[in-house]
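Hey, can you work out the whole structure from these sequences and the hints?
Protein chains: 2
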Amino acid sequence: MKDTFYHYIVDLQNRITAELEAVDTQAKFREDIWQRPEGGGGKTRVIENGKVFEKGGVNISAVHGKLPEAMQKMFNVSEADFFACGLSLVIHPKNPMVPTVHANWRYFEMYDADRKIIQQWFGGGQDLTPYYLFEEDAIHFHQTCKTACDKHNAEFYPKYKKQCDEYFWNTHRHEARGVGGLFFDYCRATEQMSMQDWFNFVTEVGDSFLQAYVPIVERRKELPYTQAQRTWQEIRRGRYVEFNLVHDKGTLFGLKTNGRIESILMSLPPHVQWIYDYHPERGSEEEKLIRVLEKPKNWIN
Amino acid sequence: MKDTFYHYIVDLQNRITAELEAVDTQAKFREDIWQRPEGGGGKTRVIENGKVFEKGGVNISAVHGKLPEAMQKMFNVSEADFFACGLSLVIHPKNPMVPTVHANWRYFEMYDADRKIIQQWFGGGQDLTPYYLFEEDAIHFHQTCKTACDKHNAEFYPKYKKQCDEYFWNTHRHEARGVGGLFFDYCRATEQMSMQDWFNFVTEVGDSFLQAYVPIVERRKELPYTQAQRTWQEIRRGRYVEFNLVHDKGTLFGLKTNGRIESILMSLPPHVQWIYDYHPERGSEEEKLIRVLEKPKNWIN
Numbered sequence: 112m113k114d115t116f117y118h119y120i121v122d123l124q125n126r127i128t129a130e131l132e133a134v135d136t137q138a139k140f141r142e143d144i145w146q147r148p149e150g151g152g153g154k155t156r157v158i159e160n161g162k163v164f165e166k167g168g169v170n171i172s173a174v175h176g177k178l179p180e181a182m183q184k185m186f187n188v189s190e191a192d193f194f195a196c197g198l199s200l201v202i203h204p205k206n207p208m209v210p211t212v213h214a215n216w217r218y219f220e221m222y223d224a225d226r227k228i229i230q231q232w233f234g235g236g237q238d239l240t241p242y243y244l245f246e247e248d249a250i251h252f253h254q255t256c257k258t259a260c261d262k263h264n265a266e267f268y269p270k271y272k273k274q275c276d277e278y279f280w281n282t283h284r285h286e287a288r289g290v291g292g293l294f295f296d297y298c299r300a301t302e303q304m305s306m307q308d309w310f311n312f313v314t315e316v317g318d319s320f321l322q323a324y325v326p327i328v329e330r331r332k333e334l335p336y337t338q339a340q341r342t343w344q345e346i347r348r349g350r351y352v353e354f355n356l357v358h359d360k361g362t363l364f365g366l367k368t369n370g371r372i373e374s375i376l377m378s379l380p381p382h383v384q385w386i387y388d389y390h391p392e393r394g395s396e397e398e399k400l401i402r403v404l405e406k407p408k409n410w411i412n
Numbered sequence: 112m113k114d115t116f117y118h119y120i121v122d123l124q125n126r127i128t129a130e131l132e133a134v135d136t137q138a139k140f141r142e143d144i145w146q147r148p149e150g151g152g153g154k155t156r157v158i159e160n161g162k163v164f165e166k167g168g169v170n171i172s173a174v175h176g177k178l179p180e181a182m183q184k185m186f187n188v189s190e191a192d193f194f195a196c197g198l199s200l201v202i203h204p205k206n207p208m209v210p211t212v213h214a215n216w217r218y219f220e221m222y223d224a225d226r227k228i229i230q231q232w233f234g235g236g237q238d239l240t241p242y243y244l245f246e247e248d249a250i251h252f253h254q255t256c257k258t259a260c261d262k263h264n265a266e267f268y269p270k271y272k273k274q275c276d277e278y279f280w281n282t283h284r285h286e287a288r289g290v291g292g293l294f295f296d297y298c299r300a301t302e303q304m305s306m307q308d309w310f311n312f313v314t315e316v317g318d319s320f321l322q323a324y325v326p327i328v329e330r331r332k333e334l335p336y337t338q339a340q341r342t343w344q345e346i347r348r349g350r351y352v353e354f355n356l357v358h359d360k361g362t363l364f365g366l367k368t369n370g371r372i373e374s375i376l377m378s379l380p381p382h383v384q385w386i387y388d389y390h391p392e393r394g395s396e397e398e399k400l401i402r403v404l405e406k407p408k409n410w411i412n
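Just so you know, the protein sequences line up as chains A and B, in that order. Here the first sequence is numbered in this note's numbering, starting from 112 and rising by one per residue. Here the second sequence is numbered in this note's numbering, starting from 112 and rising by one per residue.
Everything labelled a hint here was simulated from the structure, so no lab data went into it. Accuracy of the hints is not assured; some may be wrong.
What the hints assert, rightly or not - Straight-line Cα separation of at most 20 Å, SDA-like style, residue types lysine to any residue; simulated pairs: (1) A:Lys360 <-> B:Thr368; (2) A:Lys332 <-> A:Ala191; (3) A:Lys406 <-> B:Asn369; (4) B:Lys360 <-> A:Leu363; (5) B:Lys205 <-> A:His118; (6) A:Lys113 <-> A:Asn125.
As the list claims (entries may be wrong) - Here are some chain A residues pointing at chain B (derived, C-beta under 10 Å): (7) Asp143; (8) Thr155; (9) Val352; (10) Asn355; (11) Asn369; (12) Ile372; (13) Glu373; (14) Ile375; (15) Met377; (16) Leu379; (17) Pro381; (18) Glu392.
Glycine residues also receive a C-beta, built at the ideal position from the N, C-alpha and C atoms.
Written out as structure tokens, the structure is:
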């Protein structure tokens, strides 16, 4: 399973970066290959200062070795070996009419002293963070998520949509990071779902990513915008930074276990602003976005 | 003691904001008075888009009530009433040749059921974060700190200077936030130091702040700078954000105990950049700063 999934994310990284370069028409991803001293490594691909994408990363990694102490506690096991691989991406477009997107698909294995697998699961998801709300974009993104889910289990979309709203909740701001999507974790074999079934589901979602995001980029990337709208985007990016640095478990885990900092923090937006106690005007497009973030809605009935 | 110290910080806030307005010559602080639903409140003063100061806050607060659960754990007590007051400031100048400064002075009391004080202490400090290193500025700042400390105890400066270097260590970047200053906490009455002695020491440091910072601002604020130097400042401000959101105990405590968010996050800089894997040129002024941050040095022999 681990080799199969690893080959899948290698191929998916290639497909996603090729397609995003085609959309951008100008910038190319640069690639950094890195090794983890304790075992494994990764391939980080970053695009900057593109025509469409101001900054973005599409990274894969496959790491293994002794389970770090922080994770032993988390999973309630003593010493064990582990393997983990995944693809993580965050794309920050230049035009404030184009939403930021984040996605991640990952697989995890833990072994006993005889190298027998004692635990294994999949996790992941994809979610959208607009600066200006086009309802049809949120609906398209969620519909694509739902179509991928429904091929596997009709309960998945509502369940993972809700988990996404809960996970990407910026507690100290009392608002969601964005308009959500899917979030799932600890997808383990059950009577209903074998690991192969989970693999089929997770890769279905991974395969849906470009279809979920690229049409939105295409229809918004040429829209005109003002300097004030750009300022609003940079203020909202501040909330993205706050979520990632204060609440995001993956980011904090990476920072506290000596992960490759630049690969982890590629998720942070390029230009960001913090203005004291900023509130958009009543009835404005900016306020409309906030109202939706304060109370996550169902985009599909 | 609590009334005496509260009156001290009220007066100090007035002195500091008046002096900084005089230095800026253009922008004024705006004041927000807020109430804490559980008891007490604060007076937040923020300056933005000044000639010299791009963003800054000089805030006081005095809060009381039942000790929040998170603090019960921290101080290893069960239910108790508390009182806490303090002044917190962060100033982000526009010109990258002028360093950012942070300072904080605070007093804390805890009571038993009969309103008898069971614990009380002072804490605080002040520290400097340059974007371009002028050694004489770091020396002046530290010398002013040392002069204030030495009036009370010759061991204070080396001890609190070291604690400052340790506290403002950006672990995941393997570098200090800035060139340090003083950091002290849990200053309780001992045989050598009564609470009155601590009050005298803490207010001595508070009184030294303007002398420590303003001369540096005055001699750098008119220096010319390039767009590239401004970019470097914004990148380094990103490290400031990372420290405050990932490591700073005060910030995280405020965020997790429903503090007044805008007063807490006034510490975040106005314009910030994150560029993937940015490294300054070998031998440049930018690299010189990093070398010093990687290995905090003694500014005074």
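Against the structure, the hints come out as follows:
1. A:Lys360 <-> B:Thr368: 19 Å, holds
2. A:Lys332 <-> A:Ala191: 48 Å, violated
3. A:Lys406 <-> B:Asn369: Holds. A:Lys406 to B:Asn369 sits at ~19 Å (cutoff 20 Å).
4. B:Lys360 <-> A:Leu363: 15 Å, holds
5. B:Lys205 <-> A:His118: 49 Å, violated
6. A:Lys113 <-> A:Asn125: Status holds; Cα separation ~19 Å.
7. Asp143: For A:Asp143, the interface hint holds, since the closest Cβ of chain B sits about 7 Å away, which is under 10 Å.
8. Thr155: 8 Å, holds
9. Val352: Nearest chain B Cβ about 6 Å off; hint holds.
10. Asn355: With Cβ-Cβ at 9 Å, under 10 Å, it holds.
11. Asn369: Holds. Min distance 8 Å.
12. Ile372: 6 Å, holds
13. Glu373: 4 Å, holds
14. Ile375: Holds: closest Cβ of chain B sits about 8 Å from A:Ile375, inside 10 Å.
15. Met377: Hint holds; A:Met377 Cβ to chain B Cβ min 6 Å, cut 10 Å.
16. Leu379: 4 Å, holds
17. Pro381: Holds, because the Cβ-Cβ distance from A:Pro381 to chain B comes to roughly 6 Å (cut-off 10 Å).
18. Glu392: The hint is violated - A:Glu392 has no Cβ within 10 Å of chain B, the shortest such distance being about 18 Å.
Of the numbered hints stated above, those contradicted by the structure are hints 2, 5 and 18, listed in ascending order.
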